[in-house]
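K.L.:
If you're matching them up, the sequences are chains A and B in order. Per our numbering: the first sequence = residues 1 to 158. Per our numbering: the second sequence = residues 159 to 366.
Because the hints were derived from the structure by calculation, they are not lab data. All C-beta atoms in this analysis are idealised placements derived from N, C-alpha and C, irrespective of residue type, glycine included. Any given hint could turn out to be false.
[Unchecked claim] When the alpha-carbon atoms are kept at most 27 Å apart in a straight line, the in silico DSSO-like pairs for lysine-lysine are as follows:
#1 B:197 to B:357
#2 B:357 to A:55
#3 B:166 to A:87
#4 B:166 to A:9
#5 B:357 to B:345
#6 B:191 to B:160
#7 B:195 to B:274
#8 A:55 to B:191
#9 A:87 to B:160
#10 B:191 to B:357
#11 B:261 to B:307
#12 B:160 to B:195
#13 B:212 to B:355
#14 B:191 to B:366
#15 B:366 to A:55
#16 A:55 to B:345
#17 B:212 to B:191
#18 A:9 to B:160
#19 B:241 to B:274
#20 B:241 to B:355
#21 A:148 to B:160
#22 B:318 to B:261
[Stated by the list, open to error] Sample of chain A residues facing chain B (criterion: CB under 8 Å; computed from the structure):
#23 12
#24 19
#25 23
#26 27
#27 30
#28 40
#29 41
#30 44
#31 50
#32 87
[Claimed, not checked] Each pair of labels, with its calculated beta carbon distance range:
#33 B:231 to A:20: 47 to 55 Å
#34 B:288 to A:34: 35 to 43 Å
#35 B:170 to A:144: 21 to 29 Å
#36 B:318 to A:105: 49 to 57 Å
#37 B:306 to A:112: 54 to 62 Å
#38 A:34 to B:172: 13 to 21 Å
For reference, the chains in residue letters:
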Amino acid sequence: MEEFDSMNKLQQTTNRIIFVLSIAGVIMAIYVLQSFLRDTGIVCLTGGGCELVRKSPVSYPFGIPVPAFGLVGYTGLAILSFLRTTKIQEQITRNLLNGMLGIAIFGVCFVTWFTVMEIFVIQGICTWCAVSAINMFVIFGLVLASWKSSQTLPASNS
Amino acid sequence: MKLTSETKMFLGIIIGTLCVIGVAVVFLSQPPKPIEKSKLITPTTHTLGSAEAKVWLVEFSDFRCPACHAFADAVEELVTAHKDTLLLAYRYFPLPQHPYSQKAAIAAEAAGRQNKFWEMGALLFNNQDSLSDVTVASVAASLALDIPKFSADIQDPALKALIESDVAYGEQIRITATPTFFLNGVKLDVGTPDDLKQKVVEAINNTK
Chain A
1 MEEFDSMNKL QQTTNRIIFV LSIAGVIMAI YVLQSFLRDT GIVCLTGGGC ELVRKSPVSY
61 PFGIPVPAFG LVGYTGLAIL SFLRTTKIQE QITRNLLNGM LGIAIFGVCF VTWFTVMEIF
121 VIQGICTWCA VSAINMFVIF GLVLASWKSS QTLPASNS
Chain B
159 MKLTSETKMF LGIIIGTLCV IGVAVVFLSQ PPKPIEKSKL ITPTTHTLGS AEAKVWLVEF
219 SDFRCPACHA FADAVEELVT AHKDTLLLAY RYFPLPQHPY SQKAAIAAEA AGRQNKFWEM
279 GALLFNNQDS LSDVTVASVA ASLALDIPKF SADIQDPALK ALIESDVAYG EQIRITATPT
339 FFLNGVKLDV GTPDDLKQKV VEAINNTK
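Chain B extracted, bound-state conformation:
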C-alpha cells in the first residue's frame, strides 16, 4: 500500500478531527457548575415546602406536556413526604409546539394571584388533553375563584411577560425539554418519576 498525496490529505483531516474530538471530550467532561438559588428561585416563583430547606428542587414545566403530568404525582409525593426538608419551585416553560400551553401558564399565574396556583396547576395537568378557554373557565369556577378578577388578570400583559421571562431564562440556561429539574442548582437527568424521587431522597438523606 502506497500513500498518495490524497491519502496524506485525508490523514490530515483524520488527525484534525481527532484533535477536535479530544478537546470536546475534555470540555464535556467538566462537571456542571450549580446555578445560584437566587437565580432559579426568584421572588415571583411559586414555591411549596420549607423556605429554609437545605434541599431545593426547581422544575421547569409545561401544563400541556404529558411527561410533566407523569412527573406531577412524584413531585407532589416528595413535597408531602418531606415538607420540612424540601423546597419545591415551579418555573414556566410552555413549549411552542403545545397548543394552549402559554395560555394555561397564564391561567395558573392568574389563579396564583388568588393563592390557588398549585390547585390550578393540578387541574390543568388533569385536563391537559382538552385545555381551552371553556375548560379553564370551568376549572376556575370549580376552584371558587373570583371569576371577574381571574378574567381580568388573564388579560394582564404582566402575566404574559412573567411567563416569557421564565422561558427566556430557561433558554439562557439551555433548557431544551420539559420537565427539567434542578436539584440544589444542578440540572438533573431523570428518565422516570422514580429516578427523580430517588435522587431527591438521596440529597435529603445526605443533609441529615
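Excised from the complex, chain A in its bound form:
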C-alpha cells in the first residue's frame, strides 16, 4: 500500500492552527447550543444581542438551531484535520483536504448569510456568532492556502 507523509512543515503548522480553531469552534457551538436547547441565557458582550438572536425564528433554519450547524461543521473540520496527521494513502489525504475545503466553503457561506440576517432581520448581534464567523473565515483562509499548497506538493512514498 502506498502511504503518503502528506504535509510539509508549513502545511503541518497550518493544520495545527486549523485544528485548534476548530476545537475552539466546537466549544463555542456547544455552549451556544446548550443555551438554545435549554432555553437559558447566554453571556453576551453585545448587550441583549445574543438573546435577540436566540429567540428569533431566523436562528432555527429548517427547525434546527443555528449552533447545531456550527457544531457539525467544526467537528467535521477537527476530525479531518486530525486524520491528516496520520500516515495514510496519498489519495485519502488529498480527499481529506478536499473535504475540509468543502466544509469551510459551506461554513463561510453559512456565517455570511447568518450575519446578514442578524444585521438586517434580527437587528441584533450575538458575540459568539460574530466570533464564530471570524473563526470560520480564518479557517477557510488557512484551508484554502493549504489546499493550494497541496496542489504543488510532490507526492512522496514512505
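Keeping the supplied structure of chain A fixed, place chain B upon it in accordance with the hints.
P.N.:
Showing chain B alone in chain A's frame:
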C-alpha cells in the same frame, strides 16, 4: 493508518477538550439557586399587587426596549387578574444601546415621587419610539403632575444613582437582556408574553 507524534498530540488536545466539556456540562446542569426576595425587591423598588402574595414576579426592564413593551400588557393583565395572589416589582435596566432609556427611567422615578410611576411607565412604553425631553414633558402634563417638582426631581442626582444601582445589581446577577423576569427568585426564560402568563399562572395555581 499509523499514529504519528503529531496524531498523538492532537489526541491529547481532543481528550483535554472532552474533559473541559464534561466539567462544563456538569456545572451547567446544576439548577439555579433562587435569589432572595429582599435582594430583588428593595425598599425603593416599585411594586403592584399584594405584598403578602406567595408568588412574586420581578421584571428588569427598559422603557425603550420593544420587547419590554410587548410584555407590558401581559404583565398588566397578570397583576389585574391576580392582584391578591401576585406581587409585581419593576427594576430598571436601561440598555446603553437605547438612546434616552436612562432619562426615561429617571422620568418614571420622578413620577413615582408623585405616586404616578406605573402610569408614567405605561405612557413611556406607548411613546417609546419618540421619547425626548418634549415628549416626557407632555406625558408629565397629561398625568397632571406637579411640573415644577417633576422638573426639579429629574435633575436630582439621587434618581440617576438609583437607576444605576439597579443596573449594577442587574449586571451582578448576570442580566444580559431586557425584559428579564424572576419568578419567586428564579430567572425565567420566556420567549413570548403567553409563556410568561403560563408560568406565572402555574406558580399561582401551585400555591393554592
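K.L.:
Hint by hint, note whether the structure agrees.
P.N.:
Results of checking the hints against the structure:
Among the hinted pairs, residue 197 of chain B with residue 357 of chain B is consistent with the structure: their alpha-carbon atoms are about 22 Å apart, no more than 27 Å. At roughly 17 Å between alpha-carbon atoms, residue 357 of chain B and residue 55 of chain A fall within 27 Å of each other, so this suggested pair holds. Proximity of residue 166 of chain B to residue 87 of chain A is assessed by CA-CA distance (about 12 Å); at most 27 Å being required, the pair is judged to hold. Distance hint between residue 166 of chain B and residue 9 of chain A is fulfilled; the C-alpha atoms sit about 17 Å from each other, no more than 27 Å.
Among the hinted pairs, residue 357 of chain B with residue 345 of chain B is consistent with the structure: their alpha-carbon atoms are about 12 Å apart, no more than 27 Å. Simply put, residue 191 of chain B and residue 160 of chain B have alpha-carbon atoms about 50 Å apart, too far for the 27 Å limit, and the pair is violated. Our distance criterion of 27 Å between C-alpha atoms is met by residue 195 of chain B and residue 274 of chain B, whose separation comes to about 24 Å. About 24 Å separates the Cα atoms of residue 55 of chain A and residue 191 of chain B, which keeps this hinted pair within 27 Å; it holds.
In summary, the hint linking residue 87 of chain A to residue 160 of chain B is supported, as the alpha carbons are separated by about 5 Å, within the 27 Å threshold. Between the alpha carbons of residue 191 of chain B and residue 357 of chain B the distance comes to roughly 18 Å, so the proposed pair stays at or under 27 Å and holds. Between residue 261 of chain B and residue 307 of chain B, the direct Cα distance comes to roughly 16 Å. Compliance with the 27 Å bound is thereby established for this hinted pair. For the suggested pair residue 160 of chain B and residue 195 of chain B, the alpha carbons sit about 61 Å apart, so the restraint of at most 27 Å is broken.
Distance restraint check for residue 212 of chain B and residue 355 of chain B: the Cα-Cα separation of roughly 16 Å lies within the 27 Å cut-off, and the hinted pair is therefore satisfied. For the hint linking residue 191 of chain B to residue 366 of chain B, the alpha-carbon distance of about 23 Å falls within 27 Å, and the restraint holds. In summary, the hint linking residue 366 of chain B to residue 55 of chain A is not supported, as the alpha carbons are separated by about 32 Å, beyond the 27 Å threshold. A distance of roughly 16 Å separates the Cα atoms of residue 55 of chain A and residue 345 of chain B; the hinted pair therefore holds under the 27 Å criterion.
With a C-alpha separation of about 18 Å, the suggested pairing of residue 212 of chain B with residue 191 of chain B holds against the 27 Å cut-off. Taken as a hint, the residue 9 of chain A and residue 160 of chain B pair is honoured in the structure, with Cα atoms around 19 Å apart against an allowance of 27 Å. In summary, the hint linking residue 241 of chain B to residue 274 of chain B is supported, as the alpha carbons are separated by about 18 Å, within the 27 Å threshold. Distance hint between residue 241 of chain B and residue 355 of chain B is fulfilled; the C-alpha atoms sit about 14 Å from each other, no more than 27 Å.
Simply put, residue 148 of chain A and residue 160 of chain B have alpha-carbon atoms about 25 Å apart, close enough for the 27 Å limit, and the pair holds. Pair hint residue 318 of chain B plus residue 261 of chain B holds up; C-alpha atoms about 8 Å apart against a cutoff of 27 Å. With a least beta-carbon distance of about 7 Å to chain B, the hint placing residue 12 of chain A at the interface is held under the 8 Å criterion. Interface restraint check for residue 19 of chain A: the shortest CB-CB distance to chain B comes to about 6 Å, inside 8 Å, so the restraint holds.
Annotation: residue 23 of chain A was flagged as interfacial toward chain B, and the flag holds, the nearest CB pair being 5 Å apart, inside 8 Å. Because the closest C-beta pair between residue 27 of chain A and chain B is about 7 Å apart, less than 8 Å, the hint holds. Taken as an interface hint, residue 30 of chain A checks out: its beta carbon lies about 6 Å from the nearest beta carbon of chain B, inside 8 Å. With a least beta-carbon distance of about 6 Å to chain B, the hint placing residue 40 of chain A at the interface is held under the 8 Å criterion.
Below 8 Å, beta-carbon pairs count as interface contacts, and residue 41 of chain A has one with chain B at about 6 Å; its hint therefore holds. Look at residue 44 of chain A: its Cβ gets to within about 5 Å of chain B, closer than 8 Å, so that hint holds up. Using the Cβ-Cβ criterion of 8 Å, the hint placing residue 50 of chain A at the interface with chain B is satisfied: the shortest such distance is roughly 7 Å. For residue 87 of chain A, the shortest C-beta to C-beta distance to chain B is roughly 4 Å, which falls under 8 Å, so the interface hint holds.
Taking the beta carbon of each, residue 231 of chain B and residue 20 of chain A are about 49 Å apart, inside 47 to 55 Å as hinted. Distance hint check for residue 288 of chain B and residue 34 of chain A: the Cβ-Cβ separation is about 40 Å, which falls inside the suggested range of 35 to 43 Å. Distance hint for residue 170 of chain B and residue 144 of chain A: a CB-CB separation of about 28 Å, consistent with the stated range 21 to 29 Å. Our hint of 49 to 57 Å for residue 318 of chain B and residue 105 of chain A holds, since their Cβ atoms are close to 52 Å apart.
In this structure the supplied range 54 to 62 Å holds for residue 306 of chain B paired with residue 112 of chain A, their Cβ-Cβ distance being about 56 Å. The hint said 13 to 21 Å for the Cβ distance between residue 34 of chain A and residue 172 of chain B, and at roughly 20 Å that hint holds.
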